[in-house]
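Residue numbers (this note's numbering), protein chains in the order written: chain R, 2 to 363; chain Y, 2 to 363; chain X, 2 to 363; chain D, 2 to 363.
Worth flagging that the hints you see were computed from the coordinates, not collected in a lab. Even for Gly, the Cβ is constructed at its ideal location relative to N, Cα and C. Be aware that a few hints might be false.
Said to hold, decoys possible - Below are the DSS-like pairs computed for lysine-lysine, each with C-alpha atoms no more than 27 angstroms apart in a straight line:
| hint | chain 1 | residue 1 | chain 2 | residue 2 |
| --- | --- | --- | --- | --- |
| 1 | R | K263 | Y | K97 |
| 2 | R | K199 | R | K164 |
| 3 | X | K263 | D | K199 |
| 4 | X | K97 | D | K263 |
As the list claims (entries may be wrong) - Computed footprint of chain D on chain X, listed as stretches where at least three residues anywhere in the stretch have a Cβ under 8 angstroms from a Cβ of chain D:
| hint | region |
| --- | --- |
| 5 | 181-194 |
| 6 | 208-219 |
| 7 | 286-299 |
4 protein chains.
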Amino acid sequence: MNTSRGLFRVTIFGESHGSYVGVTVDCPPGIPVDMEEMQSVLSLRSPGKSGITSARNEEDIPEIISGVFNGFTTGRPVTIVIKNRDAHSKDYDILKEIPRPGHVDYAAHVKYSGFEDYRGGGSFSGRLTAPLVAAGYIASKYLELRGITAVSFVSSLGDILEKIPSEWFINPNIEDIRKKTYSRSVRSPFDSYIKMQKLVEKVRDEGNSIGGTITTIIDGISPGMGEPFFSSLESELSSMLFSIPGIKGVEFGTGFEGVHMKGSDFNDAYNVSNDAFRTLSNNNGGVAGGISTGMPVIFRCAVRPTSSISKVQETVNYSGEKVEFSLKGRHDPCILIRAVPVIEYSASIVIADMYMRMMANA
Amino acid sequence: MNTSRGLFRVTIFGESHGSYVGVTVDCPPGIPVDMEEMQSVLSLRSPGKSGITSARNEEDIPEIISGVFNGFTTGRPVTIVIKNRDAHSKDYDILKEIPRPGHVDYAAHVKYSGFEDYRGGGSFSGRLTAPLVAAGYIASKYLELRGITAVSFVSSLGDILEKIPSEWFINPNIEDIRKKTYSRSVRSPFDSYIKMQKLVEKVRDEGNSIGGTITTIIDGISPGMGEPFFSSLESELSSMLFSIPGIKGVEFGTGFEGVHMKGSDFNDAYNVSNDAFRTLSNNNGGVAGGISTGMPVIFRCAVRPTSSISKVQETVNYSGEKVEFSLKGRHDPCILIRAVPVIEYSASIVIADMYMRMMANA
Amino acid sequence: MNTSRGLFRVTIFGESHGSYVGVTVDCPPGIPVDMEEMQSVLSLRSPGKSGITSARNEEDIPEIISGVFNGFTTGRPVTIVIKNRDAHSKDYDILKEIPRPGHVDYAAHVKYSGFEDYRGGGSFSGRLTAPLVAAGYIASKYLELRGITAVSFVSSLGDILEKIPSEWFINPNIEDIRKKTYSRSVRSPFDSYIKMQKLVEKVRDEGNSIGGTITTIIDGISPGMGEPFFSSLESELSSMLFSIPGIKGVEFGTGFEGVHMKGSDFNDAYNVSNDAFRTLSNNNGGVAGGISTGMPVIFRCAVRPTSSISKVQETVNYSGEKVEFSLKGRHDPCILIRAVPVIEYSASIVIADMYMRMMANA
Amino acid sequence: MNTSRGLFRVTIFGESHGSYVGVTVDCPPGIPVDMEEMQSVLSLRSPGKSGITSARNEEDIPEIISGVFNGFTTGRPVTIVIKNRDAHSKDYDILKEIPRPGHVDYAAHVKYSGFEDYRGGGSFSGRLTAPLVAAGYIASKYLELRGITAVSFVSSLGDILEKIPSEWFINPNIEDIRKKTYSRSVRSPFDSYIKMQKLVEKVRDEGNSIGGTITTIIDGISPGMGEPFFSSLESELSSMLFSIPGIKGVEFGTGFEGVHMKGSDFNDAYNVSNDAFRTLSNNNGGVAGGISTGMPVIFRCAVRPTSSISKVQETVNYSGEKVEFSLKGRHDPCILIRAVPVIEYSASIVIADMYMRMMANA
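Based on the sequences and whatever the hints tell you, model everything.
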């Protein structure tokens, strides 16, 4: 089940400490693929030199080994591989004895009967999100040609909580938000980004980690994308998003807060503007009854604090003995930052797929 | 795409004002099916005489037309149909002119090129959740034989917010919570249930509606259920849950609140108790890296206030003219209440499916 | 797995001796559905009064319980049920003791651990093909609007073997072949139909059965339908066809005979006729490399003689004792005859699905 | 749709003249993978030095880039790539002007709007079957541990037709047939193998090609594998087989010939032998009602003569002008020979998948 759903779909493979991570993408012919652009998209999630992401130094150079010919997709599967260059497997020897708190190690050990590749989290590693972004780049090019654009950004971090401006629900300037977001190491368009940066540095210095939320806005989707059962736009998006390591919640529109409103306040009333049906508010987040309403699709993901911390934790080893555990290795104090493009580009995969399905039903 | 994913899967059909709603269930042979018990489960979501749910009077009597022989599933598809008895289609004639605010009407009109059955929300109606519950009953019997039990309950409603006791994350008494929940019209095990009941009555009297959240706990899942990409336990559950009308958010464990913690507080450290690996906390909600940890699986859904309200709303008709809109018909002031068993039983379908897939990999 | 693949897809349910057989169809909105026409299509496979099909007297009246509104599909699932009126379950009591030779009884008994509905073959019954034809009728209407038409007919029966005229490979008159085929009880457009009719009567009188082959021609498919791996047009068609009870072989174009040719004779050379690329021969049967070439798609199915015969057979009972076995009940001496519309209409389901997928990739 | 169906499944990628061909395999943990053994299996389909296969000199060295750790599958996706070393792209420049007779070129050109990689047949190339065999090797190891073995062999070639001994339907010696088959360049266990070899040499010298049939026997499958609708054992096998380039027909048991028998002759009567239910004949080919009977599964595939021949053919170019066409390049005079292991190992993928599904339903 390493293949996502639908028609525009991806099959992912690789382990943190294997030779390559990669992805195979099923997609239509004629999508332009520019390797420099793909590289620059990949670099958005790479551990940089900002000091607030992992020190693991991966250049993440994508190689295409099938499905692109003369700069365009051929209509046959596109396979992209990315070499793992800087793995320090030794750091992980201890995992043979102690399952990391907050991590999948123990469950994976049971599930795979001890055959799992435990090094660096194996195929559970966030490293698998690199090929996902590469695949999402192709999806984003497909969508760009159809007038659909997306942006993700950090909307809260630790105790720094930002409220999304109501204008962004109705008529977002995707380009502008993107520019701000990706110009900052902490991937947030809000003025609090300096505070956020400092918070990450602080938890990093403590050998600790911190989580928060990422908001995504997708503009340009016409009404009617999705199926009420069992392929609602929310179903398909959340299904993809909850495959990204560390995501613990997904909400659409005003989400958990909004549902506590009364119906008369929550309902998005229609208006006609420039001959188009629009809603005055967008509490539904661009999806009603599981299908797109024509308003911007907006959702928020909760991303947990990184499990791997160097701070000492009390836990037990596989023999059941109490131990003090401190993980060496190079970890992100805040995976949120690198999850921003991962969410943006993996959402693009879903939207491209839903677009194709919509065409099939026309 | 009216078929859910995997091996234990359901295909749903019907419209609010058609002759039947129904479901076909793919499932293993030998699951006991007791029609009285199925009926009593269905009655959990039926509009009752409590005064706080819709006045639409549907008895929801399930008929099995295939796949059950001598009281057990045969291994071939089980089809269950439920007759629609009390539809008042006339109430909905206005929908030909005015798309309801907050509803899917407009988007469906575009999507289906005007061929949609608009009466009572057609196949977007909450009425489709009746067969989903009937299918979930079969899943719950399958799981019961494997020691897995589940409960859902209202955990917040309007401004009444309840905190889940930490014991319920670690060692829940499912039976006890279920008993309390379903003995109360408002489907909440908390002492605030009387306040909740009064709040629903108040918004009902105003011709308005209110939303809130539902928490679900599933106990007895062994470690290793789910696949990191793209069939994480969270992916599969959320995919199903976001098909249920009105759900706008899904979070696991401590969810959106929890992620703002530091990693050292969030990480669930291991302990060995009665020779079993358990975690001392369960902020992860029983899922790490997309697979079950062996701890209770716990998640919370945000359910929006009912869109259909009789209170007057300002909106536009299909010609783009401003109108005052007030919907006749019999609506729930709070769909949350009836969504409780829908979430519980549809989650059971997913868990039964994931269980089968786990067996396949053994 | 009672759901076929892709986008235009069907979920089948029911047993020979249950209350209903039926099908749920996922399909686009706006397909015209005429109940009288559906009925007349269904009657093509019904046991008639010709004396050469089963005496089981089923009128096969389809009822639509969802997905059709004002004479058109709504875009939501169409469910069709057909009541079982004339089942004689008593005839099958012996199956509790003796698995029928040539039948699935024994394997089903092992597979379903004794929970199977053994009466009349349960859900293995040819009766399940009635809803398949009803679903195929909808597919055929979808295809008709897109200029695609199909016909199936008996091309051999026992020792009566007919050669398909080469013109039918290149430029078939579907309408004419259909007219001839369905005007004859034995469903063959060839002049040997009277000999075929007599052969069926002869084996019927012996309490025996006979098999043969059915050829199908589908015209109007443009080049490019199908995917080389793993959704070739042949893969998708054969996958559906081999679900029809009694089919033991599927071949495309000149099939098993043709492959023994030399390449220079087999290769279909191109020609330009009326500005269209056509091939002068069609040994490939309209499919090369797994995708349609634009020529008529032509394939032949081998259909085994009916397993259920009243002639005495030597076999063993479940206790392993030798017994003489003769099955009462009302059986077709030649299921081939009734399989003709089943193949034609189930192939339409596949082509409709492949058409939708082709649109998605455009 | 480059992913096969079910649970044990493969995603294929690559083009004839790209840098790599490869495959990703979803499979359970703990399957032993021996790279030398995989290499020797791959060499069964490689163009050898026998003079009767293509002169393209590919060593086909598989590299595993994920999913195998310490010699066993981890339970996560296994990706295998094989470098293309000896492609002569120049040979194919003419394909920009002339679509090859009998080939997919023209249809692919229409389907992919001119974006296809036409060199060497692109992703339609038989070269894609190399990774399929590598994946099938893993499936065969999975099956070996469960007592299931398979063999494929040439059963007819041109006008040399062999009849399968009836013993092979009932109680085949797989090991012995395999040994004979793979010890001969022409991959046939029959004494006529020398005649076959000479026939291939003759058509090779003529610049022509020849086709024939391949029979496969799979032993050790217990009763109950498969689902009547729409995952019959025949459906699943044929779906895979018809993805292999050049396969034009698939028949089970006595196939097209057998169906012309009377039912009393065709029906496989039961016998009890060593406390096991066996049938005395196996006309059904080990499958009845779509599920395995416990007898050997036996099927035959028709494989067309190679399309690419150097003999001059009359056809038209893309401008519609008549041309004489003769293809340079290095082609197999008889792809049948190399298709033998491809069929054997790709069938193993299907059986491994069906085995997993059977376990899920237990």
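Exercise. Can the region 181-194 of chain X be counted as covered by chain D under the rule of three residues or more with Cβ-Cβ separation shorter than 8 angstroms?
Worked result: violated (count 0)
Exercise. Per the coverage rule (Cβ-Cβ under 8 angstroms, at least three residues), is the region 208-219 of chain X covered by chain D?
Worked result: holds (count 6)
Exercise. Are K263 of chain X and K199 of chain D close enough, with their CA atoms no more than 27 angstroms apart?
Worked result: holds (15 angstroms)
Exercise. Holds or violated: K199 of chain R with K164 of chain R, Cα cutoff 27 angstroms?
Worked result: holds (20 angstroms)
Exercise. When you check the alpha-carbon spacing of K263 of chain R and K97 of chain Y, does it fall within 27 angstroms?
Worked result: Distance ~26 angstroms between K263 of chain R and K97 of chain Y Cα, so the pair holds.
Problem set entry | Check of the region 286-299 of chain X against chain D for coverage (Cβ-Cβ below 8 angstroms, three residues minimum) | holds (count 8)
Problem set entry | Proposed proximity, K263 of chain D with K97 of chain X (alpha carbon, max 27 angstroms) | holds (26 angstroms)
Violated hint for the displayed structure: number 5, the only one.
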